[in-house]
Every structure is written in structure tokens, then in C-alpha cells.
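Student: Hey, can you work out the whole structure from these sequences and the hints?
Here is how the chains run, residue by residue.
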Amino acid sequence: MSDHKKFMFVNRKAPHGTIYALESLEVVLITAAFDQDVSLVFVDDGVYQLKRGMQTKGIETKNFSPTYRALDGYDVEKLYVERESLEARGLAEGDLLVDVEVLGRDELSALMEQQDVVLSF
Amino acid sequence: MLHIVNKSPTSGSALDSALRLAGNGAVLLIEDGVYAATRGNPAEAKVRDALGRLKVYALGPDLEARGMADRITEGVTLVDYAGFVDLVVEHPNCQSWL
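Chains as they are written, first to last, in the numbering used here: chain A, 555 to 675; chain B, 86 to 183.
Keep in mind that the hints are not guaranteed to be accurate.
What the hints assert, rightly or not - The calculated EDC-like cross-link candidates involving lysine to aspartate or glutamate, where the alpha carbons are at most 20 Å apart (straight line), are: (1) Lys-632(A) to Asp-670(A); (2) Lys-131(B) to Glu-641(A); (3) Lys-559(A) to Glu-580(A); (4) Lys-632(A) to Glu-577(A); (5) Lys-560(A) to Asp-629(A); (6) Lys-616(A) to Glu-149(B); (7) Lys-131(B) to Asp-670(A); (8) Lys-131(B) to Glu-159(B); (9) Lys-611(A) to Glu-116(B); (10) Lys-616(A) to Glu-116(B); (11) Lys-632(A) to Glu-667(A); (12) Lys-611(A) to Asp-155(B); (13) Lys-611(A) to Glu-149(B); (14) Lys-611(A) to Asp-165(B); (15) Lys-560(A) to Glu-661(A); (16) Lys-140(B) to Glu-159(B); (17) Lys-559(A) to Glu-667(A); (18) Lys-140(B) to Asp-101(B).
Stated by the list, open to error - Computed, partial: chain A to chain B, Cβ under 7 Å: (19) Arg-606; (20) Gly-644; (21) Ala-646.
To be verified - Computed footprint of chain A on chain B; a stretch qualifies when at least three of its residues, placed anywhere within it, have a C-beta under 8 Å from a C-beta of chain A: (22) 92-100; (23) 123-129; (24) 143-151.
Since the hints were made in silico from the structure, they are not lab data. Just so you know, even glycine gets a beta-carbon here, dropped at the ideal spot from N, CA and C.
Tutor: The structure is reproduced here in C-alpha cells:
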């Protein structure tokens, strides 16, 4: 049996009001270090995690958003954003700080079906 | 009364309840609550409607942290931390909708 599995991380929460977004990133990096097939999905308020132009100096927290741009250095290159979630929030692909693949709900659903492990944050 | 909302409009019913029960009071959006003050968000129509009868404020540093400071809904008043304190002092009481 292969020890190489398909891991999907489903991010559904806005970035700074809770710790979920940052914790998800931590687990993504750990999983990538174990040489697994990793993909990240951003749906619902999770799409806000990728918004361009975050300046966290005023709230005195770490701005972890540049980390999303560094993920390809860890061979994490599959970032998917649900089109419906983006549009519902007045956002477009150009508002995001990293290259992603924008998928409709049906395509995203099919992608989820293919995973071995799905973790939701 | 000053009603303080710190949850995004789609993460629960805090915003809905605050707007429903705020009467002619004031609503201050902080933390993830500030998404409700941005153009194109799912609650934009509700907030615009509320602006016809009460004041809505949003905390600037929380908008900046989320990269949303440049898309604030017209009619919402930006405040900084000192402005937050002023609002709490000006109103006889306040309620945090957790």
C-alpha cells in the first residue's frame, strides 16, 4: 500500500478573527514536509484569506498572508477557490494575492470526491 | 445603545440580530464583523437598509488587516481605536453580539 495520499484542506473562515486560517497553514506545511499530495480549497469566508493588500500593523498581529505565496516552494501548488464564494463577496480572481484555480461548485465537488483525506478548517 | 458585532455576516446570525434589535441606536463593526461594511458582501443590502435609520461604524485597523479598507460601503463611518473608545463613552450602554 502506498503511503502517498491525497490530502485536501478546506478553508472556510475569514483570516484574522479566529486562529483557524493560521493553524490550517501550519498543518499544510507539515503535511507537505511528509511529501504528500496536498491541495488547498477556499470556500465561504475562507476566500477572504487570499485577499490582496492585508496590513495587520494596526491590529498588532502577524500578517501570515505572504505565506500563501511561498507555498509553491514546498511543492504545494494546488490552490482552488470556489467561484460562487468569491462572487458572493464582491471579489474576483484579480483581488487575490496568489495564483489560484477558480472552480465552480460542481468541479470542486468532483475534486473532493477524489481525495483520501479531507481536513476542514 | 452601541451594538458591537465581531462576526462575519455569513458566519452566524449576530449581525442580523444586532441590526434587527438596534432600533435607532448605533452599530459598530469590528474584527470579522467589518466584512459587513464592504461593497459586494452578502449583507450589503441589509447594512444599506440599516443606514437609513441608524449609524453604522467600522473599525479601520480591522479593515486594513483584511485588505478591505478600499471597499467600504458608502455611508459607513470609519473609526480608529480612539474613535471606538469615544463611541463607548458617548453611549449609555453597549452590547457585544458574540
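Student: Hints the structure violates: just list their numbers, smallest first.
Tutor: 7, 21
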